[in-house]
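Whole structure, please, built from the sequences with the hints as guidance.
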Amino acid sequence: NAGVTQTPKFRVLKTGQSMTLLCAQDMNHEYMYWYRQDPGMGLRLIHYSVGEGTTAKGEVPDGYNVSRLKKQNFLLGLESAAPSQTSVYFCASRALYQETQYFGPGTRLLVL
Amino acid sequence: GDSVTQMEGPVTLSEEAFLTINCTYTATGYPSLFWYVQYPGEGLQLLLKATKADDKGSNKGFEATYRKETTSFHLEKGSVQVSDSAVYFCALSEGGSYIPTFGRGTSLIVHP
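Protein sequences appear in the order of chains A and B.
1 is the number of the first residue of the first sequence in the numbering used here; add one for each residue after it.
1 is the number of the first residue of the second sequence in the numbering used here; add one for each residue after it.
What the hints contain is simulated information worked out from the structure, not anything from laboratory work.
Do not rely on the hints blindly, as some may be mistaken.
[To be verified] Below, a list of computed lysine to aspartate or glutamate pairs in the DMTMM-like style, where the Cα atoms sit at most 25 Å apart:
(1) K52/B / E69/B
(2) K56/B / E8/B
(3) K57/A / D26/A
(4) K56/B / E99/A
(5) K14/A / E30/A
(6) K49/B / E79/A
(7) K60/B / D2/B
(8) K49/B / E94/B
(9) K14/A / E52/A
(10) K49/B / E99/A
(11) K70/A / E52/A
(12) K70/A / E30/A
(13) K9/A / E16/B
(14) K52/B / E99/A
(15) K71/A / E69/B
(16) K68/B / E99/A
(17) K56/B / E69/B
(18) K60/B / E8/B
(19) K60/B / E59/A
(20) K52/B / E76/B
(21) K77/B / E63/B
(22) K57/A / E63/B
(23) K60/B / E76/B
(24) K68/B / D55/B
(25) K68/B / E42/B
(26) K60/B / E15/B
(27) K57/A / E94/B
(28) K71/A / E59/A
(29) K70/A / D38/A
(30) K49/B / E30/A
None of the values given here were measured: they were computed from a predicted structure.
This is how it looks when you write it as structure tokens:
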């Protein structure tokens, strides 16, 4: 039981490049979330999903897209990376009727 | 809307000192309250939680009591260790909401 995994762990992009971050969970959780963490800002919710095939915007969705084609996977896409998207990205999942979130180890992204 | 306010860090202590990290919240209903811990280079993990007023959550020597009258959930530990050095997040989750509310996090540094 791996819990929540994230791929890749670290990535360097040039401004304007695109990439996809993958989150996978093996706990059969309904809800999944993408956060970014920046110094002094705490965690900010980017997008979330309450089930397979559904997604919704969080607090800071601009510049990101997401997809949840399979229940166990939640993808975060950056179509045209900007230096302001340099951050650490965390994925989390949560079971239906449970409130505890389970976090992945994070992806550190540097946009030059 | 809901909000969580934590004391700003960093909190710097010597080993075996007493720890308090303050957390207060604003919520419309009757939320569950959480403390998550983030060790260096890792994702957040649940430390303890309380689901109703006067409940005490405890784990690894840490405790927090759900105080409805003061809307607080302060984290305490009687004797900290170097290994407790981490960032601590207070959070709340209201029944029926998909999205938890996190505080900004408090960094704890424990010196030998």
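Hint-by-hint comparison with the structure:
1. For the hint pairing K52/B with E69/B, the CA-to-CA distance comes to about 12 Å; that is within 25 Å, so the pair holds.
2. Under the criterion of a C-alpha separation no larger than 25 Å, the hint pairing K56/B with E8/B is consistent with the structure, at around 23 Å.
3. The straight-line distance between the Cα atoms of K57/A and D26/A is roughly 24 Å, inside the 25 Å bound, and the hint therefore holds.
4. Of the supplied pair hints, the one linking K56/B and E99/A holds, its CA atoms being roughly 17 Å apart against a limit of 25 Å.
5. The suggested pairing of K14/A with E30/A is violated, with an alpha-carbon distance near 34 Å, which exceeds 25 Å.
6. With a CA separation close to 38 Å, the supplied pair K49/B and E79/A exceeds the 25 Å bound.
7. Among the hinted pairs, K60/B with D2/B is inconsistent with the structure: their alpha-carbon atoms are about 28 Å apart, more than 25 Å.
8. As the CA atoms of K49/B and E94/B are separated by approximately 13 Å, the hinted pair is consistent with the 25 Å bound.
9. Annotation: proposed proximity of K14/A to E52/A is violated, straight-line Cα distance about 32 Å (limit 25 Å).
10. The hinted pair formed by K49/B and E99/A meets the criterion: a straight-line CA distance of about 10 Å does not exceed 25 Å.
11. A threshold of 25 Å between alpha carbons decides the hint, and for K70/A with E52/A the separation of about 6 Å falls inside it, so the pair holds.
12. A hinted pair counts as satisfied when its Cα atoms are at most 25 Å apart, and K70/A with E30/A qualifies at roughly 11 Å.
13. The suggested pairing of K9/A with E16/B is violated, with an alpha-carbon distance near 35 Å, which exceeds 25 Å.
14. Distance check on the hinted pair: K52/B and E99/A sit about 13 Å apart at the alpha-carbon level, within 25 Å; holds.
15. Our distance criterion of 25 Å between C-alpha atoms is broken by K71/A and E69/B, whose separation comes to about 40 Å.
16. Simply put, K68/B and E99/A have alpha-carbon atoms about 19 Å apart, close enough for the 25 Å limit, and the pair holds.
17. Under the criterion of a C-alpha separation no larger than 25 Å, the hint pairing K56/B with E69/B is consistent with the structure, at around 15 Å.
18. For the given pair, K60/B sits about 23 Å from E8/B by alpha-carbon distance, which is consistent with the 25 Å threshold.
19. A threshold of 25 Å between alpha carbons decides the hint, and for K60/B with E59/A the separation of about 33 Å lies outside it, so the pair is violated.
20. Among the hinted pairs, K52/B with E76/B is consistent with the structure: their alpha-carbon atoms are about 18 Å apart, no more than 25 Å.
21. Taking the CA atoms of K77/B and E63/B, the gap is near 6 Å; set against the 25 Å cutoff, the hint holds.
22. For the hint pairing K57/A with E63/B, the CA-to-CA distance comes to about 34 Å; that exceeds 25 Å, so the pair is violated.
23. The suggested pairing of K60/B with E76/B holds, with an alpha-carbon distance near 11 Å, which does not exceed 25 Å.
24. About 10 Å separates the Cα atoms of K68/B and D55/B, which keeps this hinted pair within 25 Å; it holds.
25. A hinted pair counts as satisfied when its Cα atoms are at most 25 Å apart, and K68/B with E42/B does not qualify at roughly 32 Å.
26. The straight-line distance between the Cα atoms of K60/B and E15/B is roughly 15 Å, inside the 25 Å bound, and the hint therefore holds.
27. For a cut-off of 25 Å, the pair hint linking K57/A to E94/B stands: about 19 Å separates their Cα positions.
28. In summary, the hint linking K71/A to E59/A is supported, as the alpha carbons are separated by about 23 Å, within the 25 Å threshold.
29. Between K70/A and D38/A the alpha-carbon distance is near 29 Å, which puts this suggested pair outside the 25 Å criterion.
30. Taking the CA atoms of K49/B and E30/A, the gap is about 21 Å. The hint holds against a cut of 25 Å.
Violated hints for the displayed structure, listed by number in ascending order: 5, 6, 7, 9, 13, 15, 19, 22, 25 and 29.
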